[in-house]
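Novice: Starting from two chains that each stand alone, build the complex the way the hints lay out.
Chains A and B are the protein sequences, given in the same order.
Numbering-wise (the numbering used here), the first sequence opens with residue 1 and increments by one.
Numbering-wise (the numbering used here), the second sequence opens with residue 485 and increments by one.
Incorrect hints may appear among the rest.
[As the list claims (entries may be wrong)] Mimicking DMTMM-like on lysine to aspartate or glutamate, the simulated pairs with C-alpha atoms at most 25 Å apart in a straight line are:
id: 1; chain 1: B; residue 1: K811; chain 2: A; residue 2: D152
id: 2; chain 1: A; residue 1: K273; chain 2: B; residue 2: D849
id: 3; chain 1: A; residue 1: K141; chain 2: B; residue 2: D815
id: 4; chain 1: A; residue 1: K141; chain 2: B; residue 2: E818
id: 5; chain 1: A; residue 1: K75; chain 2: B; residue 2: D849
id: 6; chain 1: A; residue 1: K79; chain 2: B; residue 2: E825
id: 7; chain 1: A; residue 1: K75; chain 2: B; residue 2: E720
id: 8; chain 1: A; residue 1: K273; chain 2: B; residue 2: D815
id: 9; chain 1: A; residue 1: K79; chain 2: B; residue 2: E818
id: 10; chain 1: A; residue 1: K79; chain 2: B; residue 2: D815
id: 11; chain 1: A; residue 1: K273; chain 2: B; residue 2: E818
id: 12; chain 1: A; residue 1: K224; chain 2: B; residue 2: D815
[Unchecked claim] Restraint ranges, calculated between C-beta atoms of paired labels, are given here:
id: 13; chain 1: B; residue 1: L817; chain 2: A; residue 2: S228; range: 28 to 34 Å
id: 14; chain 1: A; residue 1: R295; chain 2: B; residue 2: R772; range: 40 to 46 Å
id: 15; chain 1: B; residue 1: E732; chain 2: A; residue 2: Y81; range: 56 to 62 Å
id: 16; chain 1: B; residue 1: I577; chain 2: A; residue 2: Y81; range: 25 to 31 Å
id: 17; chain 1: A; residue 1: F82; chain 2: B; residue 2: G768; range: 54 to 60 Å
id: 18; chain 1: B; residue 1: I577; chain 2: A; residue 2: D337; range: 52 to 58 Å
id: 19; chain 1: B; residue 1: I577; chain 2: A; residue 2: Q404; range: 57 to 63 Å
It should be emphasised that the hints constitute simulated quantities derived from the structure, not laboratory data.
Computed from a predicted structure; not experimentally measured.
Glycine included, each C-beta is placed from N, C-alpha and C at the ideal position.
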Amino acid sequence: MTYEAVIGLEVHVQLKTETKLFCGCRNEFGAEPNSHLCPVCLGLPGALPVPNEEAVIQTILTGLMLGSTIPPRAKFDRKNYFYPDMPKNYQISQYDQPLCLGGGVTLPVLSFPKDAQKEAQALANKKVRLVRIHLEEDVGKSFHLESCSGIDFNRAGTPLMEIVTEADLTTPEEAFALLTTLREILRYGKVSDVDMEKGQLRCDVNISVRLAGTEAFGTKREIKNLNSISAVRRSLKHEIQSQIELVSSGGAVVQQTLRWDDARGETIPMRTKEQAHDYRYFPDPDLLPIYTEGRLREEAARRVPELPEEKKSRLAETYGLSEYQASVLASGPPLADYFEQAARSSRNPVAVANLTLNDYLALRQDSPEPVSVPPEYLGELADLVSDGRLNSRQGREVLAILIQTPRPPKEIARERGLAQISDTQALEAFCREAISASPKSVADYKAGKAAAINALKGFVMKKTRGQANPQRIHELLELLLREP
Amino acid sequence: MSFAFSTIRELRKQLLAKEVHPTELIESLLDQISSVDPKVKAYIHLHPERALEAAKKADISLPLGGVPIAVKDLISVRGEPCTCASRILEGYIAPYDATVIERLRSAGAILLGRTNMDEFAMGSSTENSAWGMTHNPWDLSRVPGGSSGGSAAAVAAHEAIAALGSDTGGSIRQPAAFCGCVGLKPTYGRVSRYGLTAFASSLDQIGPLTKTVADAALLLESIAGADPRDNTCDPEPAPSFSAKLGEEIRGMTLGIPKEYFVSGIDPEVEAATKQAISHLEGLGATLREISLPHTAYSVASYYLVATAEASANLARFDGMRYGRRAKDCDDLLETYGRTREEGFGREVKRRILLGTYALSCGYYDAYYLRAQKVRMRIRQDFLAAFRHCQAIVTPTSPTPAFRLGERAEDPLQMYLADIFTIAVNLAGLCAISLPCGFTQSGLPIGLQIIGPMRQEETILQVGHAYEQSTDWHTLRPSLS
Numbered sequence: 001m002t003y004e005a006v007i008g009l010e011v012h013v014q015l016k017t018e019t020k021l022f023c024g025c026r027n028e029f030g031a032e033p034n035s036h037l038c039p040v041c042l043g044l045p046g047a048l049p050v051p052n053e054e055a056v057i058q059t060i061l062t063g064l065m066l067g068s069t070i071p072p073r074a075k076f077d078r079k080n081y082f083y084p085d086m087p088k089n090y091q092i093s094q095y096d097q098p099l100c101l102g103g104g105v106t107l108p109v110l111s112f113p114k115d116a117q118k119e120a121q122a123l124a125n126k127k128v129r130l131v132r133i134h135l136e137e138d139v140g141k142s143f144h145l146e147s148c149s150g151i152d153f154n155r156a157g158t159p160l161m162e163i164v165t166e167a168d169l170t171t172p173e174e175a176f177a178l179l180t181t182l183r184e185i186l187r188y189g190k191v192s193d194v195d196m197e198k199g200q201l202r203c204d205v206n207i208s209v210r211l212a213g214t215e216a217f218g219t220k221r222e223i224k225n226l227n228s229i230s231a232v233r234r235s236l237k238h239e240i241q242s243q244i245e246l247v248s249s250g251g252a253v254v255q256q257t258l259r260w261d262d263a264r265g266e267t268i269p270m271r272t273k274e275q276a277h278d279y280r281y282f283p284d285p286d287l288l289p290i291y292t293e294g295r296l297r298e299e300a301a302r303r304v305p306e307l308p309e310e311k312k313s314r315l316a317e318t319y320g321l322s323e324y325q326a327s328v329l330a331s332g333p334p335l336a337d338y339f340e341q342a343a344r345s346s347r348n349p350v351a352v353a354n355l356t357l358n359d360y361l362a363l364r365q366d367s368p369e370p371v372s373v374p375p376e377y378l379g380e381l382a383d384l385v386s387d388g389r390l391n392s393r394q395g396r397e398v399l400a401i402l403i404q405t406p407r408p409p410k411e412i413a414r415e416r417g418l419a420q421i422s423d424t425q426a427l428e429a430f431c432r433e434a435i436s437a438s439p440k441s442v443a444d445y446k447a448g449k450a451a452a453i454n455a456l457k458g459f460v461m462k463k464t465r466g467q468a469n470p471q472r473i474h475e476l477l478e479l480l481l482r483e484p
Numbered sequence: 485m486s487f488a489f490s491t492i493r494e495l496r497k498q499l500l501a502k503e504v505h506p507t508e509l510i511e512s513l514l515d516q517i518s519s520v521d522p523k524v525k526a527y528i529h530l531h532p533e534r535a536l537e538a539a540k541k542a543d544i545s546l547p548l549g550g551v552p553i554a555v556k557d558l559i560s561v562r563g564e565p566c567t568c569a570s571r572i573l574e575g576y577i578a579p580y581d582a583t584v585i586e587r588l589r590s591a592g593a594i595l596l597g598r599t600n601m602d603e604f605a606m607g608s609s610t611e612n613s614a615w616g617m618t619h620n621p622w623d624l625s626r627v628p629g630g631s632s633g634g635s636a637a638a639v640a641a642h643e644a645i646a647a648l649g650s651d652t653g654g655s656i657r658q659p660a661a662f663c664g665c666v667g668l669k670p671t672y673g674r675v676s677r678y679g680l681t682a683f684a685s686s687l688d689q690i691g692p693l694t695k696t697v698a699d700a701a702l703l704l705e706s707i708a709g710a711d712p713r714d715n716t717c718d719p720e721p722a723p724s725f726s727a728k729l730g731e732e733i734r735g736m737t738l739g740i741p742k743e744y745f746v747s748g749i750d751p752e753v754e755a756a757t758k759q760a761i762s763h764l765e766g767l768g769a770t771l772r773e774i775s776l777p778h779t780a781y782s783v784a785s786y787y788l789v790a791t792a793e794a795s796a797n798l799a800r801f802d803g804m805r806y807g808r809r810a811k812d813c814d815d816l817l818e819t820y821g822r823t824r825e826e827g828f829g830r831e832v833k834r835r836i837l838l839g840t841y842a843l844s845c846g847y848y849d850a851y852y853l854r855a856q857k858v859r860m861r862i863r864q865d866f867l868a869a870f871r872h873c874q875a876i877v878t879p880t881s882p883t884p885a886f887r888l889g890e891r892a893e894d895p896l897q898m899y900l901a902d903i904f905t906i907a908v909n910l911a912g913l914c915a916i917s918l919p920c921g922f923t924q925s926g927l928p929i930g931l932q933i934i935g936p937m938r939q940e941e942t943i944l945q946v947g948h949a950y951e952q953s954t955d956w957h958t959l960r961p962s963l964s
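So here's chain B without its partners, still in its complex pose (with noise of 0.2 Å):
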């Protein structure tokens, strides 16, 4: 049987044993990779001799000794492109890499190749790539979500045993809910930022996508902790996420938010999330109901941030030092605006017009600053909520995976797709999507477990008891 299937622990396990060698690994999911990614589309670069060769001298005594881990295409690899999916990176080699590559190569992973995702992270479906449209490997004729869908996607066709992403607004979770993987944003400042291409620095994480709790935990293990390089990551050193992996959630208070069971939600959706809140009532937790009064208010202030700070990270991609430079211009101006206008895609270049409008003179008071405020009132729902429970329960996404193109020309629908997942980067907390059922025609359906800050341990404890006490995601995708 093909070692693709496996978790990084089961492999981790298997290696120790010497049943199985890194090399033999590599070359069942390059057999995986070859007969179904033709299909799923996860991949926009593969390194395969480099990934054999690092195999063949591959330190299995270290934690991730031997693993192969699958990387989001915005992440720093020295050596590698960095397209972000988008066509002004075309032909940029990245000089250097990030902090979470460095953390990897030294826990001694073996990087596979890069995913495909929404360019520069912007969209909820990896439909905005400019290398084509990853498909949702239980329905072909669906989305994966984004911005991760690569990554979602190649985990859950177990084209990788594991992957990073990154999460602005959901862009770990709500992928992870639509392919029935598992994703984890970690607390702002867990993981450093050094080397992730920025969309909105202030929201943006980088995280594990899984196939199980426990490998969650121990891939985040690897990646996280203080970094000098990244003045926002926090100093305390990294706890170990496995350590409540396994213990009884007896006793624990779950928070149940009201405005997040209204309408708008699909049925099927609400219906299994009851189910997964009433299965961990089973487990032992109390239940709660709890109220995130400004909830409704999240979307708007998360796209007026997240706009405005994208509008000035991006501007660096201008054709003058690296990347896509437009041909035959006459003078700079016409570089600047024929290489952005031919190098962008419409939702990055939407993006970076609202942005720039909202911290315009004469609007910043209303826009950013008013945004700004609200985040606040949005992080001090949760601090409240948070005195009363140690980890709240709601869906990922209100609807399962949607029809590739479906909801391409209205932005607003598309926006809607993360209006669970977006409050948490508001107020910088942890959250992890874990599967939680399906849908009657097999969609995955997503349970999103938020967390207070630096309070992961917390969220991957009652996931694992979720996960471990129901077997969703032990079900394997068709793919025909």
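Chain A with its partners taken away, still in its complex shape (with noise of 0.2 Å):
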């Protein structure tokens, strides 16, 4: 008998707003413990919340990207329980009339995990269905030392936006492709830099399993709070192990919530169904009703960017990439933006793509300091090469010069006294020199061995300074040496 999983997500997601959801403190991570703060995040008497409409837009923004449904209407709830991070003791969320309903992420093979790229779920473009997206106030971090308990309030009140999937997925890696897919298009959307270190992203994860083919669900664990997109997989893994095991030998799974201890590779419980709570929702009367035509909505509609699977298949349309190409230079706004730039400026963009993905790249993640090179000049530069004026290696040696000071890169050539020899005449008196230099090798390749050249044009790269075109010097080498 085979199990399956069925796997659905609560993605939170921390908001790139200037300020706190309710109140005007800054949101920022990072900053001295309860510097943050003020009547109303601290939940002091009589304090009030005014909602943030920035955040409400970036999460109509949000369901836009999605393919989310905009209610006309949404509103805030107050969901109660008792825990010293949250100032309130009770916290500001929406349940019945969220910000955005349904919509969907397609998975594109490129997000799934490397050692998974190649299976059948991986090419299977599947499209993963959204229950809701909502707008809630985070809570503070609570610390726990040696003789006592400590709560930093910096973070509480700050916005989180919760994404819930249907229960669609049915594999670990699955949900790693939802969470990356999601984490490009929230980039994209710049609503979130999704920062797993700062815990801008937040996931719980609810799983069953049940006998392959067969239609009822399974009863659910759910497990809590995991902050890394690795460590959903990882604990998905095991959960779902765990529970085929259980199943299949002749147990039950009991409803319970789970925590995940990354370190360990195991799950620990926390509740069960009986200790569940009853968080009370009702309409928070603080807050008016939010009505999302008109302003709100046009603010949001007018955010939306080529989303990246559209910027993908442009970029590899317009500049006829490869999806791989393609896929990475999409892999992010800003590195996408740079390359059509600087292909702009060329009169070879698959050059250009080679130079940046190759080279740039490369460079840039070597180098201490933060990096740029003009555009233009990686045009201009990825043509040198092209065009045979330059070979790739001295390509890379004015790419390294040009990160250092930026310079029109035919400058640097000119003064490095770089430049491709691709004259016949120049060449030939050296590939000659290397003929007679190297009886051996002249004599094994007229034997039948191929590659001996390969030492006679090493000898002509040698006497050039690296400097000779490699294409050149193969056919002129050969022609010689097919001389009587």
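Specialist: Right under this line is the structure:
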């Protein structure tokens, strides 16, 4: 008997706003603990929330990017439970009238983990449906010290968006792909940096298993508060395995909330169904309903960017790139924009893509300082290489200098005496010299060892200090060696 | 003679004519307080030095320049305690000014002290205060009403020229009626709630308690108007509430709801109210019987909506960040439990439990949701009625002030003290209570005038016309 898993995700994303959701305090990670506080986000008696319009717009924008319906009326509700990091002992959230309903995310191959990209699941172009997207306030952060606990309320009241999927996922890899795809889209929309280290994406997963091919859902368990995409994959693998073992050995899954210990690679029970909270949701009387039609929706619509998948196919089509090249270039709008600017000042966009992906990114990554090469120089450099005026090694050399001092690449090549020697007469002299200096290689070649030509090429490259056009030398040597 | 017995308007004239200096005024009031407050116990914190200091610097050119105002103890004043008459807020010092306090300050008013109340505004008698009961200045063995009983008693006993209270189900109007002063509950959204400790957020409004209708208009003018810090505050600028004072009420139609004159109402209250209504007719108003058919459901609806909201609003009082925390607890749950057990009084606990129950899974539809539907009906009743009249006249409370302790053990009887005032909050309307007579034993009786939303000018106009043609407001309690 084979089992399949049924997985749904609740993805919490911190929005990139200047200020908190209901007050004017700054929404900033890493500040001195308890430095961004006011009566409102501390829940002092008499303080009242006022919604941050920017957070509402960003949530609607997310809905528009993910194909959700934006209902004309949304509202905020209070979710009641006691916890020391939550100043009011209720969280302002959205219950039955969220800002976005429905929508979906299609999982492209390259969003899957590398080791799974060749599997059928990655090639299926699956669409995962969304239930809803809502906006709520985040809570503070508890620290447990040796003899006491402390709370940093800087995060309390910052805007948190929750994206809830249908239980459409069946593997940990699909969950991984969903989160990678979401992350890319959210960054495209500039609604979040989705920085895991800063806890900007946190995820709850619901998992059940059932016999493959059956319809009815099994009993689900929930793993709370996973803070990285890889932890989601690992915890799901573990949980699916343990549920299958349980069920196939005749046991039954009990509805439960779990915590994931990433270091130990295991789940730890938090509470059972009997201990589940009754959140007693009710409409927050301090906040007016939000009417989305008109200004809010228009502003969100104005900000909808070209989305990653659209950008990929456009780059591939417009510039004749491979799917892989287009995907990597479209991994973030800044890189894609850079490429397009460089490509516009070049006659050979594929060469620009190669230079960008093979050399520029690597050099940029290795540099301790942030670097940037004006895109038109990169385009010009790509032309020098594709026209044969520089070979690729010389191209890299020019690029390394460009990164330090941006100047026209032609100038750099000239100053450094970098020019590819393609002139047949000049090269022929070097080739004849090589042939007479290496009788053994010549004999080997003539005896049928084609690779022996490489030694002769090396001789010429050395003599020309690497400036010879390798393609031309090869052709010339072949010609000369065939001479009687 | 003491300046303590003056109204705001009288004092403003005297201040501008330099017949009195703000410092003398504060001293007069402090004298009056020290002579009568030991009996009345209207104040729970007094700041004589701070008030005298402010009086020295008072700018009398401002609308309330030099006028001392008492403030109910649930409105946040920077640097002062704000206990809401609860032990759970013992030790808490508010770090910010409520919007109304900012506005009082910029209008030149002087903050004199904080008045007693029912704990978290939950009550109709000011007996539910952690700091002791307030007594009715007209009969010290009786309650001043509540929850703004301290503010009403302070004004009635001339320990304050005027005061701020808050009204969730009648908490300004009912104590005004019991103490023989004027109390106005503005339209929901008229006055910012920022800085008002929330009892029931969709019902709470801050309003004035004063000696005259004209003073209520003046004080309301200073505190009302749009506030970006309160999402529920009306964005419309507040009008001049004094504009229609002195205008005749001839030709105006006043609605008399038949549901408000039924069994259970005290005969002396009924007689005084009816006489006041005839008096208004004598001033040229046309009377018209109207019907508010859902009146009978207002108390039930109110005690579900208000307690549900309160159960969440009061969740923040857990001893974690401010206020009083139970000592020697072993863990978090015990800290929560004992802090709230020790910190809240019985009535507050009763209402938190009621509200928690009303919102619980499986009960929400039957209680909270149904109560909200009833609330809509009540609102529609008033909308329909106001098609036929400009204001509605009723008694403020079915009885005059009852004896201290008389209803303490009978919450339902206590809840009925607000039977005529609650619907106004549920519907978000404005209403004023003003004196309209006395019982034979000398207890004040209040007349309630209800107006449509944003029609404070109308009820002030009617109230002023009545007041200026009667002399109930000129009588003073003997305080013996």
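Novice: Honestly, which of those hints from before does the structure not fit?
Specialist: Every hint satisfied by this model.
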